[in-house]
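Protein chains in written order, with UniProt numbering: chain A, 1 to 435; chain B, 1 to 435; chain C, 1 to 435.
Treat the hints as calculated values from the structure; they're not laboratory data. From a predicted model like this one, the values you see are computed outputs, not experimental measurements. One should not assume that every hint holds.
No copy is singled out in the list; a pair is fine if it fits within one copy or between any two copies.
In silico lysine-lysine, BS3-like type, Cα no more than 25 Å apart, as pairs [stated by the list, open to error]:
no.: 1; residue 1: Lys244; residue 2: Lys104
no.: 2; residue 1: Lys272; residue 2: Lys401
no.: 3; residue 1: Lys77; residue 2: Lys109
no.: 4; residue 1: Lys109; residue 2: Lys142
no.: 5; residue 1: Lys401; residue 2: Lys244
Here are the chains, one letter per residue:
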Amino acid sequence: MTISLKTFNAKENGSRMYQLISQLYPICRSITGDGVRKTLHILQEHIPLEIFEVPTGTQVFDWTIPQEWNVRDAYVKNSQGKKVIDFQHHSLHLLNYSIPIQQKMSLAKLKEHLFSIPDRPEWIPYRTSYYSDNWGFCLTHKQLEALEEDEYEVYIDTSLEPGHLTYGEYYLSGASEEEVLLTCHICHPSLCNDNLSGISLVTFLAEYLKSLDLRYSYRFLFIPGTIGSIAWLALNEARTAKIKHGLVVAGVGDTGKFNYKKSRRGDAQIDKTVIHVLQNSVKQYQINDFSPYGYDERQFCSPGFNLPVGSLTRTPFGQYPQYHTSADNLDFVKPDKLGESLAIYLEIIDILENNYTYISTNPQCEPQLGKRGLYGTFGGTQDKKTKELATLWVLNLADGKHSLLDTSDRSGLDFTVIRDAANALVNGNLLKINQ
Amino acid sequence: MTISLKTFNAKENGSRMYQLISQLYPICRSITGDGVRKTLHILQEHIPLEIFEVPTGTQVFDWTIPQEWNVRDAYVKNSQGKKVIDFQHHSLHLLNYSIPIQQKMSLAKLKEHLFSIPDRPEWIPYRTSYYSDNWGFCLTHKQLEALEEDEYEVYIDTSLEPGHLTYGEYYLSGASEEEVLLTCHICHPSLCNDNLSGISLVTFLAEYLKSLDLRYSYRFLFIPGTIGSIAWLALNEARTAKIKHGLVVAGVGDTGKFNYKKSRRGDAQIDKTVIHVLQNSVKQYQINDFSPYGYDERQFCSPGFNLPVGSLTRTPFGQYPQYHTSADNLDFVKPDKLGESLAIYLEIIDILENNYTYISTNPQCEPQLGKRGLYGTFGGTQDKKTKELATLWVLNLADGKHSLLDTSDRSGLDFTVIRDAANALVNGNLLKINQ
Amino acid sequence: MTISLKTFNAKENGSRMYQLISQLYPICRSITGDGVRKTLHILQEHIPLEIFEVPTGTQVFDWTIPQEWNVRDAYVKNSQGKKVIDFQHHSLHLLNYSIPIQQKMSLAKLKEHLFSIPDRPEWIPYRTSYYSDNWGFCLTHKQLEALEEDEYEVYIDTSLEPGHLTYGEYYLSGASEEEVLLTCHICHPSLCNDNLSGISLVTFLAEYLKSLDLRYSYRFLFIPGTIGSIAWLALNEARTAKIKHGLVVAGVGDTGKFNYKKSRRGDAQIDKTVIHVLQNSVKQYQINDFSPYGYDERQFCSPGFNLPVGSLTRTPFGQYPQYHTSADNLDFVKPDKLGESLAIYLEIIDILENNYTYISTNPQCEPQLGKRGLYGTFGGTQDKKTKELATLWVLNLADGKHSLLDTSDRSGLDFTVIRDAANALVNGNLLKINQ
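Generate coordinates for the entire structure from the input sequences, incorporating the hints supplied.
Structure, rendered in structure tokens:
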């Protein structure tokens with residue numbers, strides 16, 4: 001497959017990505033529960049997503065699928081009956097995975113369960129307590145400071161019951177059973193860059209690819225962070241051997257520069273490909289070595305799997321102040337940045353799809369290109385010279401050991417020029433794919 | 001063999017090289033024809049060159065030996081009968097491989113077949129049309145602009161007939177059947193740096209080496225560019241396995257700095273050797289990676305051969321304005337530069353000849369050098385200290401894995417000092433060559 | 001074993017090291033003789049040193065144990081009977097290994113046997129003549145210039161007779177038969193930094209380690225330079241296969257920065273360990289490639305052994321003007337520098353002892369650290385975050401291929417933090433040592 005990147009409309013796609021984010025923003029998601037289901041149902045309007053339910057109590061490697069958590073309502077009322085904190089106003093107000101409670105208490109006692117950010121008095125923090133029973137509210141520091149001595153009514157109407165962990169998966173079949181994995185986390189409530197930008201990118205990437213003839217098969221995962229990837233790996237262990245390239249998608253809507261975090265291997269084809277695209281297509285970027293801290297690459301790159309999975313984001317998690325606060329909102333992500341991110345992911349996939357190694361049918365000396373119309377006789381434009389040089393490079397490295405990406409990197413010529421030269425040589429029977 | 005570089009007279013040899021260039025300059029050469037034969041006969045006055053004739057129509061890999069081309073005369077006359085372009089004045093005036101023609105035509109029609117360089121109005125360009133039937137004249141832009149409206153008589157008395165491709169070869173037998181290849185192209189008409197400087201260097205290099213006891217056998221090729229190397233490789237395929245080191249010789253007479261283009265392998269012994277010599281013996285030089293564009297290294301380094309063949313030139317082809325014009329003449333090449341180039345080639349060969357790996361006969365601990373007179377007891381001059389250090393380095397790396405060149409590079413000591421230390425240790429029975 | 005480096009008192013140990021140096025300083029040592037025996041007996045007051053005697057004439061590889069040399073007295077008297085040079089004043093005054101002589105001679109004749117340093121008129125040089133019969137005196141240049149025309153009586157009462165080469169060895173048995181070698185030379189007379197600082201460091205290092213439970217066995221050698229290491233290697237050839245790491249100890253008492261000279265291999269674990277410690281624990285240091293010139297690493301790294309033995313010194317031999325002169329005295333070495341050097345050697349050993357590779361018992365995905373109390377739930381101090389990150393790194397690289405030192409280098413986290421994380425994971429049954 002060759003993606004016609006010139007006809008890809010980054011602006012239009014960026015707008016659609018932003019629209020989807022807007023639609024998903026109000027939903028309160030967590031690692032389990034109806035928020036996740038609602039989210040996945042909306043995505044099914046775009047792609048034929050299959051939804052999987054893993055029962056509470058299922059053992060997945062060292063972990064156990066926890067009880068399912070759902071929220072009906074949650075607030076704190078003062079003695080006048082006024083709701084001073086209200087989950088209906090913002091899904092971040094409730095400590096994620098709060099146990100149910102209905103109780104009256106003093107301000108002092110209440111404060112033990114309140115979380116704010118003193119340095120950012122207008123922002124609500126995002127907090128969770130998945131694996132230890134607790135309850136709490138998150139609020140702006142302004143709100144916190146406005147609370148007076150009073151008797152407060154705390155009301156949290158949540159359920160923590162045996163149920164399921166829910167995730168979505170779309171398998172797009174290509175010519176080969178070898179797979180490209182694209183995965184994002186879906187467990188955060190109203191957070192736009194961290195969570196929704198990745199969901200949106202993977203959705204539209206899948207939508208775009210599903211109409212094409214593809215070399216690889218593609219697996220798109222929409223999973224809760226950590227426990228979701230662990231569950232998927234535990235339930236699909238045998239399939240992981242098919243994964244040839246993978247990317248964890250997150251944080252692709254802010255205005256920061258691209259950051260690529262290499263796979264644990266460090267020199268996998270996906271690493272070389274992303275680095276190549278960033279070097280050639282964007283002005284500013286940063287390449288980071290793998291570390292076992294971050295998104296779900298932690299699991300895909302655990303030593304027992306060590307899959308060739310990297311992560312391409314814009315500003316990395318935790319490195320922008322809005323991270324895990326209410327300021328990671330619809331103002332923080334930008335349609336044009338979303339569209340540009342999707343375009344870069346497509347460039348990467350375009351290279352993966354075309355990055356064959358070839359064998360020359362005339363390995364001894366150069367074939368006579370002139371008689372085949374593949375070489376100029378008198379002078380020629382710069383463009384023609386570049387094509388000729390690309391042709392010579394492809395032939396010279398068509399020894400079954402060098403991929404087109406290697407050839408592009410070694411020659412300093414654009415991957416597309418190299419790819420076009422290879423295709424012309426295949427058509428002229430001077431090259432064949434190294435099976 | 002150890003070349004006594006101190007007794008090599010670069011100046012005298014440079015003068016002789018220049019004289020040979022002067023003698024060959026007027027001859028109109030091409031990829032076939034009597035110009036090549038005449039050139040090779042002159043070289044036979046210096047070295048016992050064998051001349052080979054490959055018939056027209058012979059298939060050599062993907063190519064076919066073309067018809068032989070010879071020129072008797074060629075000119076353009078104006079209506080007054082005056083020759084306004086005359087092949088007898090300069091061999092570059094005729095488009096190389098022009099078909100025969102005798103015809104009257106207007107200036108407009110004639111101009112379709114004229115080639116000049118507007119930016120360099122005093123220079124005649126060099127053009128060829130080997131594989132598509134055409135005729136033409138090359139002239140200075142001044143000449144072109146002086147042509148008035150008139151009826152011109154075009155007269156090209158060439159022959160394009162079944163014949164031969166001619167090349168010269170001199171095989172100098174050494175102690176080993178392993179070969180060093182030195183090759184130059186002989187297909188250019190009156191061009192001094194591009195063509196004649198290489199021919200001259202290879203000739204005098206062969207002449208110099210033929211009186212020595214050599215470790216390697218040497219193969220000196222004088223071949224037409226591209227088709228000549230392809231023909232040689234096709235006809236000598238089985239022999240290529242003997243080629244251990246090789247250099248394509250060209251452009252060694254101008255005043256520019258040395259440029260070494262690595263073999264496709266990039267880390268062959270020839271690559272390390274040339275880089276070592278340039279690092280240690282010249283002030284300015286440049287090392288370039290292999291690319292499949294250039295001289296006959298394109299064929300020797302095609303993937304089916306991948307021979308350890310690099311190319312050592314001064315200014316690379318195409319990077320000086322005089323390239324492929326009449327300005328690449330007897331003024332452009334300098335006797336002292338030719339002599340210096342030959343000296344550098346000899347230094348390279350001196351290292352190749354001496355670059356053995358050794359095995360220490362006392363690998364455990366140092367041997368007692370003092371009792372053998374190989375180590376000073378009290379102090380000593382700087383020179384003596386250097387010799388002692390060289391002795392220790394050679395012994396320490398005499399494990400059959402490190403060559404003397406490796407030892408020189410790792411120790412930072414001159415190759416000659418390292419080589420002399422190794423020879424002294426061999427004489428003292430402390431070292432033997434690793435067979 | 002984990003060395004409690006925080007409780008190690010560098011200052012106190014430095015003082016003790018200096019005291020030992022002071023005690024050994026007056027003794028006239030050589031490559032054989034009673035000075036060496038006296039020195040080793042003093043060391044036996046600190047560590048259970050075994051003393052070995054190798055008879056004169058014993059063949060050790062390419063060398064032969066020489067005759068034993070002992071001095072009773074040596075002086076030069078002028079015609080008034082005044083001793084103008086007196087061995088009793090300084091052991092350096094006598095050319096080491098001088099043959100006996102008693103003779104009267106003119107100043108001119110005497111001067112042929114006198115050595116001084118014109119540039120350093122107050123210093124006595126140190127000279128030897130082990131393997132060629134000679135006699136001589138070393139003196140300050142001032143002394144030399146003060147000598148008047150006179151008849152001098154030269155009296156050297158030395159013996160050169162069949163005897164022994166003497167060396168000391170202490171083998172400290174650890175859990176494994178694999179060994180760490182620590183070796184110093186003991187053949188120099190009154191020289192503090194070159195010789196005594198190394199002797200003192202190895203002695204107190206051995207004394208410190210002997211009370212600990214050790215992973216490795218340790219071999220401490222106190223041997224004459226060159227002939228001593230050659231003798232030890234010849235007599236212990238079979239044992240050398242057990243040596244996994246080694247350091248040649250010398251020049252550790254001056255005020256210069258640390259210099260590490262890599263083993264011949266260049267990438268041995270000892271090389272990585274020393275470089276790691278210098279990078280992390282000292283401000284200024286220099287790493288030098290191996291060269292076959294220096295101390296006894298010359299023998300341990302000869303090609304037939306090629307042991308992983310480097311050398312950690314302060315200012316390298318020959319690079320300070322006091323080297324091999326009477327100015328390398330008790331003023332030149334400093335107690336605090338000696339103590340700091342010992343602390344650095346202990347840090348190196350601490351890493352060697354703890355530098356295991358591990359296998360994760362949960363290689364697929366991360367184990368759930370939270371339920372084991374190995375991971376924080378809410379925020380945490382910087383220290384806690386560092387510990388969590390160290391835990392994740394250790395788990396991620398627990399594939400049996402990465403040592404803790406690799407993990408420390410790759411993560412940028414302190415070795416001690418990494419080691420503590422590994423120990424906690426072993427206790428939690430999440431990790432086991434890769435046997």
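Quick rundown of the hints versus the structure:
1. For a Cα distance limit of 25 Å, the shortest separation of Lys244 from Lys104 qualifies neither inside one copy, at 56 Å, nor across copies, at 69 Å.
2. In this assembly of identical chains, the alpha carbons of Lys272 and Lys401 lie at most 25 Å apart whether taken from the same copy (15 Å) or from different copies (23 Å).
3. With identical chains, the CA atoms of Lys77 and Lys109 are at most 25 Å apart within one copy only, with a shortest distance of 14 Å there and 98 Å across copies.
4. For the homomeric pair Lys109 and Lys142, the shortest alpha-carbon distance inside one copy (19 Å) is at most 25 Å, but the shortest distance between copies (88 Å) is not.
5. Both within a single protomer and between protomers do Lys401 and Lys244 lie at most 25 Å apart by alpha-carbon distance, with minima of 17 Å and 23 Å respectively.
The structure fails to meet hint 1 from the earlier list, while all remaining hints are met.
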